[in-house]
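**Q** So the chains spell out like this:
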Amino acid sequence: MTFWVLLTVNSVTFGGLLFLLSAGFSLIFGLMRIPNLTHGSMFMAGAYLGATLLAGQLGFSLNFWLAAVVAALAVAALSALMERVLLRRLAGQQLAQVLVTLGVSLMVADICLMVWGGDPISVDNPPGLGGFVRIGAAALPLYRMAVIVIAAVFAIGLWLMLERTRLGAMIRAGVDDPDMARVVGIRVSRLFTIVFALGAGLAAFAGMIGGPILSVYPGLDQDMLPLALVVVILGGTGSLLGSFVGSIIIGFIYNFGQALLPELAYFVLFLPMVLVLVLRPQGLFGGQVL
Amino acid sequence: MSGRTVAVIVAVLALVAVPYATTEIYYVNIASQILLYAVFALGLSVLVGYAGLVSLGHAGLFGVASYAVAYQLAAGHPHAAAIFGGLVIALVVTAGFAFLSLRATGISFIMITLALGEIIWGLAYRWISVTNGDNGINVSTRPAPFGISLASAKGFYGATLIVFLLAVAAVTIFVRSPFGAALCGTRDQPRRMTALGYHVWMIRFWAFMFSGLLTSVAGILFVYYNQFISPQAVALAASAEGLLMVISGGAGTLLGPIVGAALVVIIKNVASAYVERWNFLLGAIFVAIVVFMPEGLVPGAVRLARTAWRAVGRSKLAAPAPLVGPKS
Amino acid sequence: MRIHRRALLKGAAAAGLAVAAPAVLRAQGALFRLGLLTVKSGPLAQGGIQMEQGALTFLKERNYMMGGRKVDFVSADTGGNPAGAKTKAQELVERDKVDVIVGPLAAFELYAISDYVREQRMPTLSLAAADNLTQRQPNPFLLRASATSSQSMHPIGHYAATELKLKRAFCITEDFAFGYEQMGGFQAAFQKDGGCVVNKLWPPLSTPDYTPYVAQIADCDGVCQGFAGSNPLRFMKAYASAGLKYPVVTGSTGGDDALLKSYGEEAIGLISCSPYTLDLETDGNKRFVDGIMKNHNTIPGFYAAGIYMNCQVVDAGLKAANGQSEDKEKFMAALKTVSLTDTPRGPIKFDHLGNVVGTSYVRRCGTEGAKYGLKLWNKTIKTYENVSQFWTWPEQEFLAHPVYSRDYPPLTKC
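Chains as they are written, first to last, in this note's numbering: chain A, 1 to 290; chain B, 1 to 328; chain C, 1 to 414.
Where hints are given, some of them may not hold.
To be verified - Heads up, simulated BS3-like pairs for lysine-lysine below, C-alpha to C-alpha not over 25 Å straight-line: (1) B/K154 x C/K97; (2) C/K319 x B/K268; (3) C/K97 x C/K319; (4) C/K371 x C/K294; (5) C/K375 x C/K245; (6) C/K319 x C/K336.
Claimed, not checked - Listed next, the stretches of chain A that the computed footprint assigns to chain B, with coverage defined by at least 3 CB atoms under 8 Å from CB atoms of chain B: (7) 240-252; (8) 271-282.
Source of the hints: derived by calculation from the structure; they are not laboratory data.
A quick note: this is a predicted structure, and the numbers were derived from the prediction, not measured.
Quick reminder that beta carbons are idealized off the backbone N, C-alpha and C, glycines included.
Given these sequences and hints, build the entire structure.
**A** Dropping the structure here:
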């Protein structure tokens, strides 16, 4: 019983974390048609920066949440720079953009290794969230429950932004039909930069939020990127609801797969991705086919 | 004899001379690696350059061949049977890949091949009873065709060179054939090709199979070269590296993938001795190539050379005759 | 046109490489080339970086001299996987022409390069465990001053059964050779003293979140973990997060002293058995620890100590061979006779299969006695001397059963 309760809660937690990671990816992919292969690196960079700020290694120490926000902003700024300098030159050349993001992810991973070394960095639970909630014999870590709440808050926040703000309307227009959006007068290239920065910032924030659960270590980017890909393909690019549902599904498959079917754990994880691409390429909730 | 034929003969002779030109088996081994990865890159280039289908899962096919051979050898089969079996298994998997991924083009194709490659990786990594997971499978001996042992660096290089030359010949014939032309047509104008009566799907399918064949051959060379196979060879990073070899050299050219393979192998092996952060270097070089020479090193170099040539030529001409007309 | 250019390119590249390669131009003299196979990226990097620190500290201490010869040190990053280990081993042997290799780090890396170093007759002083290479498939060119995978786990299995009075243990470790062999050793010794292993789990080496595995830990009175690199940190966190309170025992990597600075409260009470312990109060250890702290500003652990000791053995072996390393067999024979007392771990010598016989220390993690600015400290609570790779079994009996693996010893009904 404990096993099922613990794993179910963890699945939702992990799903929440994946949502924070992949929502940005989905928007970038949906709007700019770029599978941004630096997304895992942004997650890792955010975690490293946040952990450093938290540990006070720069002379001042921030609390957990502030560290997460500052790290997110820093990564967002750097990503916006990358988008303007590198990706914009290659507008329309999807293959080139994919490759550039691949190259940059190699560079970022190496920089992180250079700066922070090969040692993993442990991130403590934020104060007040270190305890447990007991359900029967199962002890559910308070922080993991908090992650679910955070993911929900962001989900609602992002939805509100997309549905109720002008920026959101522009994004949705760009996702549905970029050419028409331009015709109507939306400055699509500036939108691209904003969305790219937003997506990367979200990923970095997710990295810090995931810190107490996953720690920060070299290779974190390679562990998280495929998961983001699966979520986005499954849910449908450009769809927030798709990211949300996809994340929860993958959270469950990941946790229960590892526990119940260890030999087929990854097969079971990537199989939905193939099935979706073959049977329903726009994903569960996606608007347009890739 | 045309200049091109002379060049080819000189190149082949140079390659044959490599193990005699250097006494360091280290460099002979590097050369073997360059050649086997060149075969891989050529195979991928058939799909990426000539069919216009970008695959991020080709390391999966590469690895399936390697694992199939290693598994059979560990089970006690002789080399010839293992190689044949490996090719068959790899081609079956290639057909599976093709069936699933050819339903789409463009980014969709990239995503499906990525997913398929990840599935192969997941199986290699966790299906311990078959693949031994992270511990990998050791291959204890190399084959000895016609009694010539390939255990030495020189011997192996010779065999790799022969396979490489056959691969280059095969791709050359393929590209110059009507089928190759049709394939380029499906890349550039699929709808028009269909209207003209070409069965686009079938053309792509056979191109995929040809690509898979070359990739499998490279995988078999790889497992004999290393005498070891582990999931690392099938990971997304390996597929990405293959793609980078093709793109950096120049997809859709014959020489491009070979140059790209040489570039990557040299950076990985040789540069890593002098430059601690060689991963960064690799990433930076690729970003630079994609941004400044997106058509690849070979066509880019040709373009630069032509521009330089023309500039030199132009300065040698007398002032051009004035054009007749109001603008002159 | 193109192919002509390719010939030029290839020729130029080859010429350039030949000129640039220092290996070719290096003067042949009394220079002694020491090669290190280590891991500087990935989950095992934590240990690998320390390995290099251990080697550099030794060399600095001795002013880069070993056995009366000047030392040229080459460090190679295998990436923590067998394929990388093979490539780098080839580089060290063929390109850098090293005289001896220290390392590699991981058991599966050693299994991958064993045939190669044997063929090339390259003396290799491994840190990596890989039981069988000094047991049923002995490699005459291999020497090991650290331990086999199971060598540190036999004592802890015995300790768990006899002193902690555990009866039902749950085993969990990574899914690779080192993991299998560790748990095999624990299980064999634990069962010998009346315990029983309830289940064995093998999460992959790279597991972002251990919760799916931790959730399965039940129906036992103690847990044995064998994680390596940075994984022990994350596992213990996940374990504590799940509210589990069973006593946890581990080996040399799971309780590594170098992790003390990163561990939090979750590690208090962790009992580990290691061939090296930071709290050993001897001159040899003090010199080593001071050296690491001065040169690298960090607290050393098992990995740094292991390589430092391997270097001590090379130095002693070279002296015993009168500085001659060209005759590989003679050099190996000299290395095997080495017996030292002044090492960071205390006295060591080698058995006839090339594996170390030395002291194993059982420690408990707590706050008591913490030094060097650490909050946590592994305090030695029991010492087992003259621990060989066979524990208390006679050699022939031990070698008669198969090597420890995923399925051996088999699980029995508890």
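**Q** Taking only the CA atoms, is the gap from B/K154 to C/K97 under or equal to 25 Å?
**A** Holds, at roughly 19 Å.
**Q** Can you confirm whether chain B covers the stretch 271-282 of chain A, using C-beta to C-beta distances below 8 Å and requiring at least three such residues?
**A** It holds: at least three residues are needed, and the stretch 271-282 of chain A offers 6 whose Cβ sits within less than 8 Å of chain B.
**Q** Would the pair C/K319 and C/K336 pass a check requiring their Cα atoms to be no farther apart than 25 Å?
**A** Holds. C/K319 to C/K336 sits at ~13 Å (cutoff 25 Å).
**Q** Please verify whether C/K319 and B/K268 have alpha carbons no more than 25 Å apart.
**A** 37 Å, violated
**Q** So if I understand the rule, the pair passes when the alpha-carbon distance is 25 Å or less; does C/K375 with C/K245 pass?
**A** 21 Å, holds
**Q** Are the Cα atoms of C/K97 and C/K319 separated by 25 Å or less?
**A** At roughly 21 Å apart (the allowed maximum being 25 Å), C/K319 and C/K97 satisfy the hint.
**Q** Mind checking, does the stretch 240-252 of chain A have 3 or more residues with a CB under 8 Å from chain B?
**A** With 0 residues in contact (Cβ-Cβ under 8 Å with chain B), the coverage given for the stretch 240-252 of chain A is violated.
**Q** Has the given pair, C/K371 with C/K294, been kept, meaning a C-alpha gap of at most 25 Å?
**A** 15 Å, holds
Checked against the numbered hints above, the structure violates hints 2 and 7; every other hint is satisfied.
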